[in-house]
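Asker: Sequence:
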Amino acid sequence: MSTWYILGGIAIMAVMTYIIRVTPMVFFRKKIENVRIKSFLYYVPYTVLAAMTFPAIFSSTGSQIGAAAGCIVAVVLAYMKKGLLVVALSAAATVFVFGLFGL
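Read in order, the letters of the sequence shown correspond to residues 0 to 102 in numbering that gives the first Met the number 0.
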């Protein structure tokens with residue numbers, strides 16, 4: 000993957016998250032009291048980031064099995080509330096090990 004591809008992806012994610020957070024402030028002048036709308040606006044940035052990140056996970060390696068294993072390791076460790084560094088390094092190490100064995 001090229002550096003421009005990675006930087007472009009980060010820039011697009013940042014802009015999309017910013018637009019989603021700012022749009023309600025532009026259109027709604029009063030404080031939003033509806034619980035459903037507040038909940039929707041809270042989860043939208045996470046959904047957008049996941050929708051942009053997961054395709055990159057599975058296309059970043061030559062092996063779908065290694066990418067799936069790394070993704071599973073990352074999700075399990077994140078669910079166990081491990082730190083970002085631990086999650087990222089463990090997922091990368093998993094993909095590396097699967098790559099060594101040709102899976």
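Incorrect hints may appear among the rest.
[To be verified] Listed next, with one range per pair, are the computed distances between beta-carbon atoms:
{"id": "1", "residue 1": "57", "residue 2": "88", "range": "17 to 23 Å"}
{"id": "2", "residue 1": "57", "residue 2": "34", "range": "34 to 40 Å"}
{"id": "3", "residue 1": "41", "residue 2": "2", "range": "31 to 37 Å"}
{"id": "4", "residue 1": "6", "residue 2": "31", "range": "30 to 36 Å"}
{"id": "5", "residue 1": "1", "residue 2": "47", "range": "31 to 37 Å"}
{"id": "6", "residue 1": "100", "residue 2": "21", "range": "43 to 49 Å"}
It is worth saying that the hints were derived from the structure and are not from the lab.
Here the structure is a predicted model, which is why all the values come from computation and not from measurement.
Using N, Cα and C, we set each Cβ at its ideal position, and we do this for glycine too.
Asker: So, for every hint listed, does it hold in this structure?
Answerer: Hint check:
1. 57 / 88: 17 to 23 Å: Holds, since residue 57 and residue 88 (Cβ atoms, about 19 Å apart) stay within the stated range.
2. 57 / 34: 34 to 40 Å: holds, 35 Å
3. 41 / 2: 31 to 37 Å: Given a distance of about 33 Å, which is inside 31 to 37 Å, the answer is holds.
4. 6 / 31: 30 to 36 Å: Distance hint for residue 6, residue 31 holds at roughly 34 Å.
5. 1 / 47: 31 to 37 Å: violated, 23 Å
6. 100 / 21: 43 to 49 Å: holds, 47 Å
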